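Visitor: Could you put together the complete structure from these sequences and hints?
There are 2 protein chains.
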Amino acid sequence: MEHGADLLTYKDRYDGELIDFSSNINPLGPPKGLEEVLIDSFKSLIAYPDIKYRKLKDSISNYLVCNKENVLVGNGAVEIIDSFVISVKRVITTTPSFSEYEKRAIIHGKPVIKIPYRDDFTIDIDKLDVISEGDLLILGNPNNPTGLRIEKDQLLEIYGIIKKSKAFLVLDEAFFEFCPEDYDSIQIFKEYGFERIGIIRAATKFFALPGIRLGYGCTSPEWKKEIEKNQLPWSVNTLADAAGQFIFNDREYIEKSKAYIDNERIFLLDELSKIEGIKPYNTKTNYILIKLLKWDEEYVFNIFLSKGILIRKCSSFKDLGKNHIRVAVKDRGNNLKLVENFKRII
Amino acid sequence: MEHGADLLTYKDRYDGELIDFSSNINPLGPPKGLEEVLIDSFKSLIAYPDIKYRKLKDSISNYLVCNKENVLVGNGAVEIIDSFVISVKRVITTTPSFSEYEKRAIIHGKPVIKIPYRDDFTIDIDKLDVISEGDLLILGNPNNPTGLRIEKDQLLEIYGIIKKSKAFLVLDEAFFEFCPEDYDSIQIFKEYGFERIGIIRAATKFFALPGIRLGYGCTSPEWKKEIEKNQLPWSVNTLADAAGQFIFNDREYIEKSKAYIDNERIFLLDELSKIEGIKPYNTKTNYILIKLLKWDEEYVFNIFLSKGILIRKCSSFKDLGKNHIRVAVKDRGNNLKLVENFKRII
Chain L
41 MEHGADLLTY KDRYDGELID FSSNINPLGP PKGLEEVLID SFKSLIAYPD
91 IKYRKLKDSI SNYLVCNKEN VLVGNGAVEI IDSFVISVKR VITTTPSFSE
141 YEKRAIIHGK PVIKIPYRDD FTIDIDKLDV ISEGDLLILG NPNNPTGLRI
191 EKDQLLEIYG IIKKSKAFLV LDEAFFEFCP EDYDSIQIFK EYGFERIGII
241 RAATKFFALP GIRLGYGCTS PEWKKEIEKN QLPWSVNTLA DAAGQFIFND
291 REYIEKSKAY IDNERIFLLD ELSKIEGIKP YNTKTNYILI KLLKWDEEYV
341 FNIFLSKGIL IRKCSSFKDL GKNHIRVAVK DRGNNLKLVE NFKRII
Chain G
41 MEHGADLLTY KDRYDGELID FSSNINPLGP PKGLEEVLID SFKSLIAYPD
91 IKYRKLKDSI SNYLVCNKEN VLVGNGAVEI IDSFVISVKR VITTTPSFSE
141 YEKRAIIHGK PVIKIPYRDD FTIDIDKLDV ISEGDLLILG NPNNPTGLRI
191 EKDQLLEIYG IIKKSKAFLV LDEAFFEFCP EDYDSIQIFK EYGFERIGII
241 RAATKFFALP GIRLGYGCTS PEWKKEIEKN QLPWSVNTLA DAAGQFIFND
291 REYIEKSKAY IDNERIFLLD ELSKIEGIKP YNTKTNYILI KLLKWDEEYV
341 FNIFLSKGIL IRKCSSFKDL GKNHIRVAVK DRGNNLKLVE NFKRII
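Note that the protein sequences, when read in sequence, are chains L and G. The first sequence: position 41 = 81 (our numbering), numbered continuously. The second sequence: position 118 = 158 (our numbering), numbered continuously.
Bear in mind the hints are in silico, worked out from the structure with no lab data behind them. It cannot be assumed that every hint is accurate.
Given that identical chains are not distinguished, each listed pair holds provided it fits within a single copy or across any two copies.
Straight-line alpha carbon distances no greater than 30 Å define the calculated DSSO-like cross-link-like pairs of lysine-lysine that follow [as the list claims (entries may be wrong)]:
#1 206 with 347
#2 353 with 95
#3 206 with 296
#4 269 with 353
#5 204 with 347
#6 167 with 353
#7 265 with 150
#8 203 with 362
Quantities reported herein were computed from a predicted structural model and do not represent experimental measurements.
Guide: Dropping the structure here:
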């Protein structure tokens, strides 16, 4: 299982609707009013989307508080990651992290160097000395599946190494809005003109729209030119384009979602940490990595599946072995169900 | 101008709604009932699309009359073209043809060999002797912008060369349904198990859905495995997935559209061929390549734009120079407007 959310594969194994803890989506759903916006854009399906996505980029630059000359859009975050990977010589990833970084590098024939996190899932700066000119370091921030964000001071230290080595840094911040507001990398790197840095975000998780496929990001005008050359034309469809011109304006929804997830993360972490036999890791975002102290992932996965709950096995993430699972932070009712089922297993 | 349909770039140069003859879309619009299907699938936007697109492939295999084990889907035809290009050593294209074949090859660092068509835009088989093991020959069928289809006998001859050379053939048939029913390449190559061949089609043109981004195709199970590995996960969004489970069932719409375009193609070709100073080429599909005998493309483009009509300049297609334009076959009212404006220029 390389990705979560593969409900169709497992639906025959449970008589009822599965609760999906394997994908990390805002439980409050998308902003209200989106349906009307989409219906209104049906008439535009008979034309190609704007190949330059001018209005969409206006909306995103307004949301991110950056210049639209820095904005990229793509068919989910993964298309933007892919285009960054195409543009460099060699890819450096950390382990464990999102499998697509390495996968896209292999597909494009780029050598990959994997740097393991420390035991506490922080970055060992000394290990970054392998970085040389033209390399791309990709970091999940927060990282998937570990849930940790890079501390601001360390991020600036890493950026110093990148600039000195004439390398490149991409931060995959697909879960940015779920995190406590310690710093905003876009505001930090705007001051540097996004030189040698790309920051990727997405409507997928926080705006609860995995089906619409809308990723976006910021980079320097020079790198943006290269990335957009690598991208497929019209890769964001008309409805995703329309959604992206709407969802970022709903500030009330954004604030409410942040507060809701913050509260539930604390609740779920607290409840899970009381359960013997599992070790939930600290997290800054809307998913929790859990070490299974007594069972392997397959055993726990199957028990949960028999109860109608889909969790994420983690052995497909490098260096995690067969005794880790990942669960999303969902709404209170479902979070309670997860906790109760954990207690029952034990 | 690398692609047509860039309405936003030109809208400020005409006070009114532009008539788009630069993109070749079914003037009857999408099948009736699609809006209800899309509205019904809004609730699925909070989940990822099925990463394996099982129901979508069922629908397509039923429409194409082939096994679903042969079916590919993608974010427009161009994503599938891209994934084929990634999988081979070298790319061979014909000129003039769709610019993305060469562009994707360059992006992926694949050497490109360009074989010019004969003066009548048919293929010179002798020139295919450059093909060697691992090469990919990509042919538009019908070809864009020339509008010609490969004759069945010649197609089989080319396939013989491909198999003998251990090379690969991709037919880009994005305009297939607009063509008179001389042969169906999918039915021909199904008999060969699609060995070393990929056939690409799309909802974009015939089903009038350029905004939805849905391409599909057929290939051997072996090559399909490789192509799907190269593709981005979830590249077809939930609404495109839902559309593809619906549109192919509307046989009445399909037959009506075919007959309509057939009729209008004959009408428009006939009318244009009566006009002095231009030479419309014969076409098998819903667009017409026109040689300008007295002016360059820029002059004609600007005159039409001042009349509210967007046509396609063709100098971005290799080997066509600056005296060709391409126009779509649209509905009778618009086709008449095009003809009248041509007459007025002269």
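Visitor: Give a verdict on every hint.
Guide: So, going through the hints one by one against the coordinates:
1. In this assembly of identical chains, residue 206 and residue 347 lie within 30 Å of each other by CA distance neither inside one copy nor across copies; the values are 52 Å within and 52 Å between.
2. Taking CA atoms no more than 30 Å apart as the test, residue 353 paired with residue 95 passes between copies only; the shortest distance there is 25 Å, against 40 Å inside one copy.
3. Taking CA atoms no more than 30 Å apart as the test, residue 206 paired with residue 296 passes in neither setting, with 41 Å inside one copy and 59 Å between copies.
4. In the homo-oligomer, the alpha carbons of residue 269 and residue 353 lie at most 30 Å apart only across protomers (21 Å), although the nearest pairing inside one protomer, at 36 Å, exceeds that limit.
5. When the C-alpha separation of residue 204 and residue 347 is checked against a cutoff of 30 Å, the pair qualifies neither within a copy, at 53 Å, nor between copies, at 56 Å.
6. Within a single copy, residue 167 and residue 353 get their C-alpha atoms as close as 28 Å, which meets the 30 Å cut-off; across copies the closest is 54 Å, which misses it.
7. For the identical chains of this complex, residue 265 and residue 150 are neighbours both inside a copy (21 Å) and across copies (21 Å), given an alpha-carbon limit of 30 Å.
8. Taking identical chains as interchangeable, the C-alpha atoms of residue 203 and residue 362 are never at most 30 Å apart, the minima being 37 Å within one chain and 45 Å between chains.
In this structure, the hints that do not hold are numbers 1, 3, 5, 8, in rising order.
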